[in-house]
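Asker: Read off the chains here:
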Amino acid sequence: MPRANRLPLLAALALGLTTAAIAMVFFYAPLDADGFNQKIFYFHVPIALTAYACFGWGAWKAFVHLWKRTPGADLESYVAVHQGVIFGVLVLVTGSIWARYRWGQWWVWSSNQLVLFLVLFLFYAAYFMLRYSIEPGPRRASVSAVYAIFGVALIPVSWLAIHLAQDIIHPVVFTSKGPQLGGRELLTFAVSWAAILSLAACMYRLELAGKRLDARLKSLRELLA
Amino acid sequence: MTTAEKYVTAAYLAVFVLLLAYVLIIALKLARLEREVAELERLARARSPRQPETRKAVAVG
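In order, the protein sequence lines correspond to chains A and B.
The letter at position 20 of the first sequence is residue 20 when you use my numbering, and the numbering goes up by one with no holes.
The letter at position 29 of the second sequence is residue 29 when you use my numbering, and the numbering goes up by one with no holes.
Next up, chain B with everything else stripped away, as it sits in the complex (with noise of 0.2 Å):
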């Protein structure tokens, strides 16, 4: 590999390192989301407990 073709290897590869830290940071930041959201489900299940079912009778037909 000659001189040149090194410093062109670093500079793609330091595009590519960059982008692929962009990506771990959206990686981690969707994986905080996503216990934030198990979190509110299990917050909202708690306050809003199922109520028994009740139906009112309608005339059909």
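Isolated chain A (complex conformation) (with noise of 0.2 Å):
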């Protein structure tokens, strides 16, 4: 299928999957000891781990870029690393609304889960800053890709930070011994999970279209100058 017409099919893909989701959360799944509160999980954990499915995707475009110098692989990864980053915000500020009630705090730094993740998102933050003081051009391609490549070693430290803590703070679902959830509340989140990869796959796909229009219309104003 031609990639232009991808697009269309995922919005609507993320279309389905997001109403479902929402309706699944609200009207399906049961209610857990930690009362109505626990519907923010449904989204906050799918969003964390498409936030890392971002990052880990810009670093392996990077890895590309490196390796096989393809075309369009240092744009495809700087914009998976901005769809990562659009994500991780949302998880801070989900994960923050969750932990207001709960612990009734915003923000608890013992936790070495959320801070992990804090260190992941503000290395990924600082990206963008690393991109954009190197001139356009192969120098600047091959640094992002590096810096990219690094960051993504953070993930499985953050993803450890969460079953090696002491803390106890952060509720841990996903142990060794399988997913602490009943059947509907595992199918209400691998459906909540679902809807927002599609979000992101959509989400890039329309992003990294705007960039190469951007980069053709560019070239286009050169030749007619």
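For the record, the hints were derived by calculation from the structure and aren't laboratory data.
Check before you lean on any hint, since a few could be wrong.
Counterexamples of contact, computed for chain A against chain B with all Cβ distances above 12 Å [unchecked claim]:
{"no.": "1", "residue": "41"}
{"no.": "2", "residue": "99"}
{"no.": "3", "residue": "126"}
{"no.": "4", "residue": "133"}
{"no.": "5", "residue": "149"}
{"no.": "6", "residue": "183"}
Okay, derived cross-link-like pairs now, DSS-like style, lysine-lysine, Cα gap no bigger than 25 Å in a straight line [unchecked claim]:
{"no.": "7", "chain 1": "B", "residue 1": "29", "chain 2": "A", "residue 2": "218"}
{"no.": "8", "chain 1": "A", "residue 1": "211", "chain 2": "B", "residue 2": "29"}
{"no.": "9", "chain 1": "A", "residue 1": "68", "chain 2": "A", "residue 2": "211"}
Label pairs and their in silico Cβ distance ranges [said to hold, decoys possible]:
{"no.": "10", "chain 1": "A", "residue 1": "212", "chain 2": "B", "residue 2": "17", "range": "23 to 29 Å"}
{"no.": "11", "chain 1": "A", "residue 1": "30", "chain 2": "B", "residue 2": "18", "range": "26 to 32 Å"}
{"no.": "12", "chain 1": "A", "residue 1": "134", "chain 2": "B", "residue 2": "2", "range": "17 to 23 Å"}
{"no.": "13", "chain 1": "B", "residue 1": "5", "chain 2": "A", "residue 2": "153", "range": "38 to 44 Å"}
{"no.": "14", "chain 1": "B", "residue 1": "34", "chain 2": "A", "residue 2": "119", "range": "37 to 43 Å"}
{"no.": "15", "chain 1": "A", "residue 1": "187", "chain 2": "B", "residue 2": "29", "range": "33 to 39 Å"}
{"no.": "16", "chain 1": "A", "residue 1": "69", "chain 2": "B", "residue 2": "2", "range": "31 to 37 Å"}
{"no.": "17", "chain 1": "B", "residue 1": "34", "chain 2": "A", "residue 2": "108", "range": "45 to 51 Å"}
{"no.": "18", "chain 1": "A", "residue 1": "182", "chain 2": "B", "residue 2": "26", "range": "46 to 52 Å"}
{"no.": "19", "chain 1": "B", "residue 1": "46", "chain 2": "A", "residue 2": "16", "range": "44 to 50 Å"}
{"no.": "20", "chain 1": "A", "residue 1": "118", "chain 2": "B", "residue 2": "34", "range": "36 to 42 Å"}
{"no.": "21", "chain 1": "A", "residue 1": "153", "chain 2": "B", "residue 2": "46", "range": "50 to 56 Å"}
{"no.": "22", "chain 1": "A", "residue 1": "71", "chain 2": "B", "residue 2": "26", "range": "31 to 37 Å"}
Heads up, the beta-carbon is just placed ideally off N, CA and C, and yes, glycines get one too.
Join these two chains into a complex; the hints should help.
Answerer: Dropping the structure here:
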């Protein structure tokens, strides 16, 4: 299928899955011990996992750029990191709202998981400062690619921190014994994650299309000048 | 509305507002690209005025 045709399909998929996920969160998933506040979990955790996926995708594209010098891989890496940062903001905002209700505080510095996610987020936020401090060209692309690959090393550290942390402040749902969720909760979680992933894929394609169009218009302007 | 419901609403609104902001940014970018395309179209038309049509006679049949 041509690349241009995928965007409407992805948008339709994201719309359908998001509608289904919201309906399931409020009308299908049962309330657990955390009460109504637990409804935040169904979007907060999939958004966090999607942010990791975006950073991972950005690192993969950066690796492809360094390895094969594939045209456009640098732009794809940049857009993926951008999406990761957007979803990272959402993780921090929704997590803070949940924490305010459950813990009575917006942020807990003693939780390793929270602090490591913040470090990961700030690391990728700094990616843009680094990228735009270098003139456009091969050097900018290579330096950005190396930075994006280094950042991805923080993802397993952040993930392991959940399991290695002794603080037990942040709830752990996915343990070595499997997900600590009932069947309906797990299904709702899976649909929510699929919804957020499809939304991220749609936003990624949309932004990429805009950036590519921008680049083509720039070269056309140079031709006509 | 209970306190928990208020917090859940706030969390979902935060997601919605951020996504709307993203849509707004993309819409603004699209508007800029449209303006640029229009400008390039004007430039292209100005640079290549329509040539009088010249046809070569060819044998048919």
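Asker: Please go over all the hints and tell whether each is borne out by the structure.
Answerer: Hint by hint, here is what the structure shows:
1. Listed as outside the interface, residue 41 of chain A is inconsistent with that label: its C-beta sits roughly 10 Å from the nearest C-beta of chain B, within the 12 Å cut-off.
2. Not every CB of chain B lies more than 12 Å from the CB of residue 99 of chain A, the least distance being 10 Å, so the non-interface label is violated.
3. Look at residue 126 of chain A: its CB is around 21 Å from the nearest CB on chain B, clear of 12 Å, so calling it non-interface holds up.
4. With 12 Å as the threshold on Cβ separation, the claim that residue 133 of chain A sits away from chain B holds: the shortest Cβ distance comes to roughly 22 Å.
5. At the 12 Å boundary, the C-beta of residue 149 of chain A stays outside the reach of chain B, the nearest C-beta of that chain being 26 Å off.
6. Every beta carbon of chain B lies more than 12 Å from that of residue 183 of chain A, the smallest distance being close to 22 Å; the non-interface claim holds.
7. The straight-line distance between the Cα atoms of residue 29 of chain B and residue 218 of chain A is roughly 14 Å, inside the 25 Å bound, and the hint therefore holds.
8. The hinted pair formed by residue 211 of chain A and residue 29 of chain B meets the criterion: a straight-line CA distance of about 10 Å does not exceed 25 Å.
9. This hinted pair checks out: residue 68 of chain A and residue 211 of chain A have alpha carbons roughly 21 Å apart, not beyond 25 Å.
10. For residue 212 of chain A and residue 17 of chain B, the Cβ-Cβ distance of about 28 Å falls inside the hinted range of 23 to 29 Å, so the restraint holds.
11. Distance hint check for residue 30 of chain A and residue 18 of chain B: the Cβ-Cβ separation is about 28 Å, which falls inside the suggested range of 26 to 32 Å.
12. Between residue 134 of chain A and residue 2 of chain B the CB atoms are about 51 Å apart, so this pair departs from the stated range of 17 to 23 Å.
13. Roughly 40 Å separates the CB atoms of residue 5 of chain B and residue 153 of chain A, a value that falls within the hinted 38 to 44 Å.
14. Taken as a hint, the range 37 to 43 Å holds for the pair residue 34 of chain B and residue 119 of chain A, whose Cβ atoms sit roughly 40 Å apart.
15. Against the hinted window of 33 to 39 Å, the Cβ-Cβ separation of residue 187 of chain A and residue 29 of chain B comes to about 37 Å, which satisfies the hint.
16. Range check, residue 69 of chain A to residue 2 of chain B: Cβ separation about 57 Å, and the 31 to 37 Å hint is violated.
17. Taking the beta carbon of each, residue 34 of chain B and residue 108 of chain A are about 47 Å apart, inside 45 to 51 Å as hinted.
18. Checking the proposed 46 to 52 Å range against residue 182 of chain A and residue 26 of chain B shows it is violated: the Cβ atoms sit about 38 Å from each other.
19. The hinted range of 44 to 50 Å is satisfied by residue 46 of chain B and residue 16 of chain A, whose Cβ atoms lie roughly 47 Å apart.
20. Hint check: residue 118 of chain A to residue 34 of chain B, Cβ distance near 39 Å, so the stated range 36 to 42 Å holds.
21. Between residue 153 of chain A and residue 46 of chain B the C-beta distance comes to about 53 Å, which sits within the given range of 50 to 56 Å.
22. The given range of 31 to 37 Å is broken by residue 71 of chain A and residue 26 of chain B, whose C-beta atoms sit roughly 24 Å from each other.
In terms of the numbered hints stated before, the structure departs from hints 1, 2, 12, 16, 18, 22, listed from lowest to highest.
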